[in-house]
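Since chain A is already given, all that's left is putting chain B on it; use the hints.
One letter stands for each residue in the lines below.
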Amino acid sequence: MFINALRELWESSGFAVLTWQQALMILLACFLIYLAIVKKFEPLLLLPIAFGMLLVNLPLTGLMSQPDSATGPGGLLYYLYQGVKLGIYPSLIFLGIGAMTDFGPLIARPSSLFLGAGAQFGICVAFVLASALGFQPAQAAATAIIGGADGPTAIFLASRLAPELLPAIAIAAYSYMALIPLIQPPIMRLLTTKKERETGMEQLRPVSKLEKVCFPVIVTILCVLLLPSVAPLIGMLMLGNLFRESGVVERLSETAQNSLINIVTIFLGVTVGATANAETFLRPQTIMIVGLGLFAFVFSTIGGLLLGKVMYWATKGKINPLIGSAGVSAVPMAARVSHIEGQKANPTNFLLMHAIGPNVAGVIGSAVAAGVLLSLFG
Amino acid sequence: MDLLESVSVSLFLLAVVFFVLLCLYLCIRLFSYLLKKFQQGKVSCDKDEKI
Numbered sequence: 001m002f003i004n005a006l007r008e009l010w011e012s013s014g015f016a017v018l019t020w021q022q023a024l025m026i027l028l029a030c031f032l033i034y035l036a037i038v039k040k041f042e043p044l045l046l047l048p049i050a051f052g053m054l055l056v057n058l059p060l061t062g063l064m065s066q067p068d069s070a071t072g073p074g075g076l077l078y079y080l081y082q083g084v085k086l087g088i089y090p091s092l093i094f095l096g097i098g099a100m101t102d103f104g105p106l107i108a109r110p111s112s113l114f115l116g117a118g119a120q121f122g123i124c125v126a127f128v129l130a131s132a133l134g135f136q137p138a139q140a141a142a143t144a145i146i147g148g149a150d151g152p153t154a155i156f157l158a159s160r161l162a163p164e165l166l167p168a169i170a171i172a173a174y175s176y177m178a179l180i181p182l183i184q185p186p187i188m189r190l191l192t193t194k195k196e197r198e199t200g201m202e203q204l205r206p207v208s209k210l211e212k213v214c215f216p217v218i219v220t221i222l223c224v225l226l227l228p229s230v231a232p233l234i235g236m237l238m239l240g241n242l243f244r245e246s247g248v249v250e251r252l253s254e255t256a257q258n259s260l261i262n263i264v265t266i267f268l269g270v271t272v273g274a275t276a277n278a279e280t281f282l283r284p285q286t287i288m289i290v291g292l293g294l295f296a297f298v299f300s301t302i303g304g305l306l307l308g309k310v311m312y313w314a315t316k317g318k319i320n321p322l323i324g325s326a327g328v329s330a331v332p333m334a335a336r337v338s339h340i341e342g343q344k345a346n347p348t349n350f351l352l353m354h355a356i357g358p359n360v361a362g363v364i365g366s367a368v369a370a371g372v373l374l375s376l377f378g
Numbered sequence: 379m380d381l382l383e384s385v386s387v388s389l390f391l392l393a394v395v396f397f398v399l400l401c402l403y404l405c406i407r408l409f410s411y412l413l414k415k416f417q418q419g420k421v422s423c424d425k426d427e428k429i
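Residue numbers (my numbering), protein chains in the order written: chain A, 1 to 378; chain B, 379 to 429.
Pulled out of the complex, with its shape left as it was, chain A reads as follows (with noise of 0.2 Å):
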C-alpha cells in the first residue's frame, strides 16, 4: 500500500511527464536568468519573460490553459495574458515612456525626424528576407519589427499578428537592445570617417514650454488621422508626454512612469515568457528569428548612418552623421552609444543631447511602421 501510495505521487508528479523539449527550455530559461542578472541584459524584460518560460515548461502547472467546462476556470498566467493577446499592456507601457521622455531635442531639431525614418530601412530589409526564408506575410511583418528596437512595439505587433512567433521575436527584439553598445560600434566607425566623426554641433535652441504641450497634441492628431492604425501605441506615448509636459498632472505622471509601467512590465514580461513552450518555441523558425533580428538591427544602423552623412553634406558639415545610429528606438541607450563614438573621435564632442532627437523620433518612426503593418496584414 506504501509502495502504491508512492508510486502514485510519482506519477502525478511533473518528473513523470516532463519531456526532453521541456527540459531543454528550463535550461534555455535559467540561462536567461543568468543573461538578465548577470550579464544585466535588459533585466527589466528578460528577467520575467525568462522565469515565464521556467514557469510554463514546468509540467501539469496549469498556469496557462484556458477554461474548460470539464476542467474548470483558466490559469493565472492565461487571464495575466490576455493585457498581451488585446495589445493592452504594451500601450501601457508607451503611456508610461511618454511620461519618461523628454521631446525638446526633436523638438529643436525636427530634421531628427528623418533620421528617426532612415533607422527603419532594417524593418524593410528584414521583411524581404523574411518572405523569401518562407515566412507567411504576417509572420515576416511580425518578426521584421525588430528592426525598429522597440520591444512594446514588437510585442503588440507580434501578439496581433503572429502570436505564435511572440516569445522569440520578444526574447530577439529585447537580447538585441542589450547588445546595441556591440552590435553598433563597428558599422559606425565603417560608414563614417574620422573627419565626420570629428564634427562638433552647435548648441540646440531652447524650447518653450508651449512647444513642448502642443508637441504631444498635434503628433496625435496628424499620426492618427493619416493612419487610424497606429492610435494605441502613439495615442499612449502622447498622452503620457502630455502628462509630463502639461505640469498640472504630477500626480498621473509620477504614476504612469514608476508604478504603472513597472506593473504592467512585470505582467507583460512573465506572460510573454509564458508563450515560449517547448512546442512553439522550439522549431528552426526560432533559429531563423534570432538570425532576421540580427539583419535588422544591423540593417536598420546603416539605414540611419547613411541618412546622417546625406544630412552631413547637405548642411555642410553642422551635423555629426554618428547621431543617425541613434534613430533605432532603443532610448536612451542607442544615443548613449553615439555619444560615446563622438568622443572616441573627439573628446571636447558631446552629442548626447543631440543624438537623443533621432532617438526619440525612432520611438515614433517604429510604432508608424507597426501602424502600417498592421493595417497591411492584420
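As a list, the in silico DSSO-like pairs of lysine-lysine whose alpha-carbon atoms are at most 27 Å apart:
#: 1; chain 1: A; residue 1: 309; chain 2: A; residue 2: 194
#: 2; chain 1: A; residue 1: 316; chain 2: A; residue 2: 195
#: 3; chain 1: B; residue 1: 414; chain 2: A; residue 2: 316
#: 4; chain 1: A; residue 1: 316; chain 2: A; residue 2: 194
#: 5; chain 1: A; residue 1: 318; chain 2: A; residue 2: 212
#: 6; chain 1: A; residue 1: 40; chain 2: A; residue 2: 344
#: 7; chain 1: A; residue 1: 209; chain 2: B; residue 2: 414
#: 8; chain 1: A; residue 1: 195; chain 2: A; residue 2: 318
#: 9; chain 1: A; residue 1: 318; chain 2: A; residue 2: 194
#: 10; chain 1: A; residue 1: 212; chain 2: B; residue 2: 415
#: 11; chain 1: A; residue 1: 195; chain 2: A; residue 2: 309
#: 12; chain 1: A; residue 1: 316; chain 2: A; residue 2: 344
#: 13; chain 1: A; residue 1: 212; chain 2: B; residue 2: 420
#: 14; chain 1: A; residue 1: 344; chain 2: A; residue 2: 318
#: 15; chain 1: B; residue 1: 415; chain 2: A; residue 2: 318
#: 16; chain 1: A; residue 1: 195; chain 2: A; residue 2: 344
#: 17; chain 1: A; residue 1: 318; chain 2: B; residue 2: 414
#: 18; chain 1: B; residue 1: 414; chain 2: A; residue 2: 212
#: 19; chain 1: A; residue 1: 194; chain 2: A; residue 2: 344
#: 20; chain 1: A; residue 1: 344; chain 2: A; residue 2: 39
#: 21; chain 1: A; residue 1: 344; chain 2: A; residue 2: 309
#: 22; chain 1: B; residue 1: 415; chain 2: A; residue 2: 209
#: 23; chain 1: A; residue 1: 209; chain 2: B; residue 2: 420
In short, the hints are calculated from the structure, not lab data.
This is chain B only, laid out in the frame that chain A set:
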C-alpha cells in the same frame, strides 16, 4: 509572397513612414515659425505701448 511583392511592400512601408514623419516635420516647423512671429509681434506691441 514572391520577392517582387515583398520588395514593393517594404518600399511602400518606408515611403509611408517617411511621408508621415515629413508631415510631422512640416507641422513642427510651421508651429515654431508661427509662435516666433506671434512672440515678435507681441514684443513690438509692448514696445509701442511703452513709448
